[in-house]
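Visitor: Given next are the chains, with one letter for each unit.
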Amino acid sequence: MTSLTGLVAPTERIRAAGRSAVRVPPTVAIAAVVIVIVLLWSLVPWLFTSYDPSVGDTAEKLTAPSGAHWFGTDHLGRDVFARVVYGTASSVTSALVAVSIGLVVGSVIGLASGFLRGAVDVVLGRVVDVLLAIPSFLLAVVIVSSLGFQTINAAIATGVSAIAIFARLMRAEVLRARGSVFVEASYLQGGNRLHALLGHVLPNTYKSVVALAVLQFGTSILVIASLAFLGYGDPPPASDWGLLVASGKSYATAPWLIYAPALVIVITVLSVNRISTWLRRTQ
Amino acid sequence: MTVSIDTTRPALPQIVPPARTSGTDGRPLLSVEGLSVSYGGTTVVRDVGFTLERGRSLALIGESGSGKSTVAKSILRLLPAGESAVSGSVSLDGRELFGLPERQFRPLRGRLLGYIPQDPSSALNPVRTIGSQAHEAAALTGESDARVRRRDILSVFERVGLPDPERVYASYPHQLSGGMLQRVLIGLTVLPRPALIVADEPTSALDVTIQKLILDLLSDLRRDLGISLLLITHDLAVAAERADSIVVLKNGIVEESGSSSQVFSTPTSEYARQLHADVPALNPDRYRIQRGAASGTTPADASPAVEVHAATKRFRARDVDVTALDGVSFTVARGTTHALVGESGSGKTTAVRLLLGLEQPDAGRIEVAGTQVHGQTSVGLRGLRRHLQLVYQNPFTSLDPTWRVSKIVREPLDRFHVGERADRARLVEQTIEEVGLPASVLSRRPGQLSGGQRQRVAIARALIVRPDVLVLDEPTSALDVSVQAGILELLSRLQREHGLSYLLVSHDLALVRQLADTVTVLQRGKVIESGAVDQIFARPKHAYTRALLAAIPRTSPGPGHPIA
Amino acid sequence: MSRSYGRYALLRAAQAVIVILLAYVGTFLVISVLPGDPITNMLRDPQNGLTDDEIQQVVAHYGLDKPVVIQLILSLGRFVTGDLGFSLQSNLPVSQLLGDALPSTLTLAGTALLLSVAIAVVIAYGVQYLPSRWARGVLRSVPSLFLSVPNFVVGLILIEIFAFRLHAFTTIDPDSAAATLFAALTLAIPVSAPLAEVLIANLDHESRQEYALVARSRGLSQARLFARHLVKPSMLPAVAMIALIVGELLGGAVITETIFGRDGLGTVVQKAVTSQDVPVLQAVVSLAAVVFVTVNLLADLVSPLLDPRLDATSRRKATRERDATSERKLEVPA
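Protein chains in written order, with my numbering: chain A, 1 to 283; chain B, 1 to 564; chain C, 1 to 334.
FYI, nobody ran anything at the bench for these hints, they're computed from the structure. It is possible that some hints are incorrect.
[As the list claims (entries may be wrong)] Heads up, simulated DSSO-like pairs for lysine-lysine below, C-alpha to C-alpha not over 27 Å straight-line:
| no. | chain 1 | residue 1 | chain 2 | residue 2 |
| --- | --- | --- | --- | --- |
| 1 | B | Lys541 | A | Lys207 |
| 2 | A | Lys61 | A | Lys207 |
| 3 | C | Lys271 | A | Lys249 |
[Unchecked claim] Computed Cβ-Cβ distance ranges for the label pairs, DEER-style:
| no. | chain 1 | residue 1 | chain 2 | residue 2 | range |
| --- | --- | --- | --- | --- | --- |
| 4 | C | Arg224 | B | Asp285 | 54 to 60 Å |
| 5 | C | Leu166 | A | Gly148 | 28 to 34 Å |
| 6 | A | Leu198 | C | Gln15 | 44 to 50 Å |
| 7 | C | Ala227 | B | Phe98 | 38 to 44 Å |
| 8 | A | Leu39 | C | Ile161 | 42 to 48 Å |
| 9 | C | Arg12 | A | Ala32 | 42 to 48 Å |
| 10 | B | Phe98 | C | Arg208 | 45 to 51 Å |
| 11 | A | Gly179 | B | Arg365 | 28 to 34 Å |
| 12 | C | Val295 | A | Val24 | 40 to 46 Å |
| 13 | A | Ala32 | B | Gly34 | 42 to 48 Å |
| 14 | A | Ala32 | C | Ile161 | 44 to 50 Å |
We put the beta carbon where it would ideally sit given N, CA and C, even for glycine.
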């Protein structure tokens with residue numbers, strides 16, 4: 001009887017494979033739907049509205065939200081919903097550009113710092129310190145003022161100001177993974193450094209970096225909207241969400257000019273943040 | 001409705017037997033009936049009942065997941081509120097605890113019912129001094145004068161054997177060792193003289209020699225102060241040695257209960273019998289016959305599988321030189337098991353790292369199968385590591401959580417370019433079968449496996465390149481007793497079948513006695529004693545070895561013991 | 001502690017100085033890649049009424065005729081000696097411009113700092129201890145909401161409700177106490193969110209620690225457990241966040257001051273950006289870096305003094321080892 005226990009271990013049951021079937025909470029599902037709609041707005045806005053975002057009917061200026069104009073009309077009689085939908089492309093796409101810059105540059109810096117250590121770590125560490133030392137919004141403002149007032153420049157500025165945070169997380173994650181027992185075990189298994197990096201370290205870091213990227217996507221939407229609000233993005237008749245709010249605040253009698261685009265921003269960012277939180281928790 | 005608390009009891013260390021007036025009516029002090037606990041619909045404790053007489057001790061034993069800690073915490077009413085559903089009845093000193101509102105239960109805490117936690121290093125607030133926290137316990141005696149409380153605290157610290165009570169009083173928890181912290185906690189728990197102490201694995205986080213001393217202290221205090229003890233433990237031998245009666249739990253259900261001698265010598269349940277057979281301390285000869293056969297096949301004149309000669313390693317940590325290893329020598333004969341024994345800080349881990357070429361020695365010679373390890377280039381080390389593999393202590397950290405088992409076991413084949421690509425998958429399947437796992441685990445990730453299964457995967461990974469030497473770094477210390485026995489059985493069989501040489505690193509002399517042929521005892525980086533296991537166990541020369549041996553629970557199986 | 005701590009403090013301070021200088025260099029480089037030549041354009045603006053000779057003087061003073069590297073060295077030299085130059089737009093010394101704007105921004109940011117800490121603590125306490133599970137859940141999602149609302153929207157909503165409808169303050173007098181309070185609230189709300197998240201996580205972590213269980217087993221009430229055991233260890237790690245918060249506040253001031261019509265550093269930045277006033281921009285960014293780095297340095301220096309867990313690791317290890325050995329000596333006949 002006892003010699004059999006060495007062959008099979010009947011008391012050890014294999015844990016239910018339930019982990020692979022991920023349960024998605026309803027709020028996350030709603031958030032995902034919101035993101036999909038917003039992405040569609042930016043890709044195929046004409047499917048969502050029949051109005052032209054830049055041409056209005058002055059006879060219908062500053063009308064309140066109604067069945068015909070969901071978000072009302074502005075001072076030139078343009079449909080605000082159409083302006084929001086057509087403004088999505090630059091508001092959201094530029095946030096994606098910003099995140100890509102931060103993610104790629106930051107991850108490379110963090111990876112090099114954490115994996116190579118030594119002088120590389122010291123030098124890159126100071127670069128990151130400097131990027132962190134300038135408040136990110138101020139840094140974005142300075143960069144955009146240097147590059148010129150365009151939405152794409154605002155995106156680049158936002159991306160650069162996010163490099164440091166990606167670099168720091170990546171470095172910490174790489175250090176954690178690199179110091180783990182299974183990486184040491186891989187050396188004993190005949191692996192070299194490159195194998196350890198590609199085979200073990202990267203697969204164990206990407207999840208938290210992805211969660212940060214999603215979170216940073218939301219933050220970037222806010223920063224770019226703020227830059228647009230201050231007038232550092234494309235000038236009118238462009239309809240970036242931040243710019244819509246900024247031009248809407250001149251019309252105190254038409255609060256929907258502020259609240260409609262503001263609500264769209266909040267709901268979008270809230271959805272993005274919800275997904276990021278979920279990604280972090282399910283790790 | 002008011003709760004009367006006897007606050008006039010004298011402070012320690014004056015030892016006065018507790019004169020509890022209510023104690024003579026013959027009712028048990030603690031009585032648990034029909035206790036069930038569930039978390040979110042999953043029942044983890046089902047219909048558990050037992051009683052504990054005044055001044056007696058009871059051990060609740062079981063493996064992880066048995067629900068023993070849950071039972072303890074539900075008696076203490078320390079289960080997280082809102083997450084758990086508790087039913088049944090717990091009565092202490094004639095009071096039903098479960099019906100009591102929190103406002104009336106709170107005064108009983110500490111005064112009637114004390115708690116000693118598992119891990120002393122996290123059981124005190126890290127940002128407050130020990131003294132300031134001790135006052136919370138001292139205040140339970142009703143003493144309002146802070147100077148008197150301080151005196152009480154210092155005297156109880158002395159009573160529990162703390163060398164410098166004043167320094168301990170002023171220290172922060174991280175400044176003390178685990179053993180000292182556990183003494184502090186025990187002292188603070190007995191200070192208000194509770195009728196019952198619940199101790200949840202009070203020594204499992206400590207070194208073996210310290211474990212014994214802490215258990216001795218607990219026994220002394222219990223006897224002197226007439227406190228009842230509910231001891232939660234996974235260790236059958238400890239339970240039998242320290243408790244009057246035993247309750248065996250498995251999967252939240254009582255498998256067996258009764259007096260210690262009864263449960264120990266004539267267990268009625270299959271599970272208790274199995275537990276008994278699996279505890280290394282109680283079965284010194286379990287793998288001996290198999291081992292004897294293996295050693296017989298070894299040619300006596302062969303060169304040793306591993307030879308370490310006068311290895312020294314120093315580390316420099318912040319201006320302080322620490323000699324981790326000081327002229328240590330040992331050999332592992334082919335086909336045998338050599339054990340490196342020592343507690344934390346003894347240098348056994350450093351020795352393993354030198355052997356595997358993960359660190360370079362400052363002096364000395366290290367050879368594996370006649371090839372020297374020290375001073376090798378990384379290419380040379382790679383060639384060497386094919387013949388020398390390591391099984392890590394903790395299978396929860398040694399396997400990459402993002403990889404599937406098939407890939408994990410295959411990794412060394414790919415890295416060392418062993419065999420044809422096409423054959424590798426077959427070899428992986430074969431090895432997985434050899435370590436006693438079903439083929440279905442191949443497509444799983446480590447997170448979906450139990451601890452024992454993970455350790456089998458780790459063994460398969462080490463075994464697949466057919467090494468000569470396996471280094472086993474505490475290979476079972478992270479596992480439950482029954483799982484541990486399965487792993488030891490496996491290792492023993494693999495050694496027999498493949499003529500492997502083992503270097504076993506362990507703190508557990510009972511395990512060493514079961515598995516090893518020769519042993520080297522390390523203390524603070526130096527070899528204290530070495531030789532054949534039988535000889536060291538029969539006639540230990542050094543006091544430290546004797547202390548380690550004394551730490552093995554000493555309960556001898558009764559006559560006519562039925563376990564085969 | 002003193003020797004290792006002294007060395008640590010010195011090292012950190014030196015590091016801080018280097019980072020400030022590098023930040024200055026970085027900002028200089030970013031601004032000097034400006035398309036065109038805003039300074040000479042500005043000077044040649046006929047409205048300034050400068051003669052060619054005067055322009056030459058100014059150009060020579062700033063070394064604008066020299067290569068970028070020389071300009072950088074000259075500029076850095078002036079920065080180190082405290083000379084921030086003159087505003088191109090107003091011809092006033094930059095230091096005077098900043099000096100005038102600073103008090104207003106400091107009041108705003110200081111108030112916002114206090115408010116954000118207060119909001120975060122209230123949220124964290126509520127999430128941990130509110131009796132109703134439902135209320136805890138609602139409160140738990142508040143930081144996420146705060147993190148999703150743009151600063152300018154918060155400001156516009158507060159103005160709409162409290163200034164235009166409830167008349168709690170007027171935007172005509174943006175420096176009144178009430179207006180300052182609402183401006184600070186605008187600034188504090190997004191900043192309080194990450195702080196609240198950290199406090200919630202820490203409080204949850206600490207209350208699950210064994211020591212909290214042990215303290216409860218000694219009969220401590222929930223309120224005492226919170227006050228005596230949990231507050232300190234869950235707040236201390238947040239000290240390290242203070243520098244980040246200050247940075248956020250300085251950045252957020254640009255928008256908040258614009259919305260509320262306050263004259264502060266943010267408005268200075270806004271004007272400098274629109275008019276490409278390079279010296280002012282360079283000075284404000286450098287000032288922000290100095291503030292950030294200094295606060296960060298202070299947080300790093302104070303943390304080990306407040307949190308015994310952080311005291312120089314060498315000391316911890318040394319004592320632990322000494323204890324372990326002495327205990328064995330005591331207990332094991334060696």
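Visitor: Against this structure, judge whether each hint is valid.
Guide: Evaluation of the provided hints:
Between B/Lys541 and A/Lys207 the alpha-carbon distance is near 55 Å, which puts this suggested pair outside the 27 Å criterion. Our distance criterion of 27 Å between C-alpha atoms is broken by A/Lys61 and A/Lys207, whose separation comes to about 49 Å. For a cut-off of 27 Å, the pair hint linking C/Lys271 to A/Lys249 stands: about 20 Å separates their Cα positions. Judged by the Cβ atoms, the range 54 to 60 Å given for C/Arg224 and B/Asp285 holds: they are separated by roughly 55 Å.
At roughly 42 Å, the beta-carbon separation of C/Leu166 and A/Gly148 lies outside the given 28 to 34 Å, and the hint is violated. Separation of A/Leu198 from C/Gln15 is about 33 Å and departs from the stated range, judged on CB atoms against 44 to 50 Å. At about 28 Å, the CB distance of C/Ala227 to B/Phe98 disagrees with the hint of 38 to 44 Å. In this structure, A/Leu39 and C/Ile161 break the distance hint of 42 to 48 Å, their C-beta atoms being roughly 33 Å apart.
With their beta carbons about 44 Å apart, C/Arg12 and A/Ala32 fall inside the hinted range of 42 to 48 Å. Between B/Phe98 and C/Arg208 the C-beta distance comes to about 23 Å, which lies outside the given range of 45 to 51 Å. For the pair A/Gly179 and B/Arg365, the beta carbons lie near 30 Å from each other, so the given range of 28 to 34 Å is met. One distance hint, 40 to 46 Å for the beta-carbon pair C/Val295 and A/Val24, holds here, with the actual separation near 41 Å.
Range check, A/Ala32 to B/Gly34: about 46 Å between beta-carbon atoms, so the 42 to 48 Å window is met. Between A/Ala32 and C/Ile161 the CB atoms are about 33 Å apart, so this pair departs from the stated range of 44 to 50 Å.
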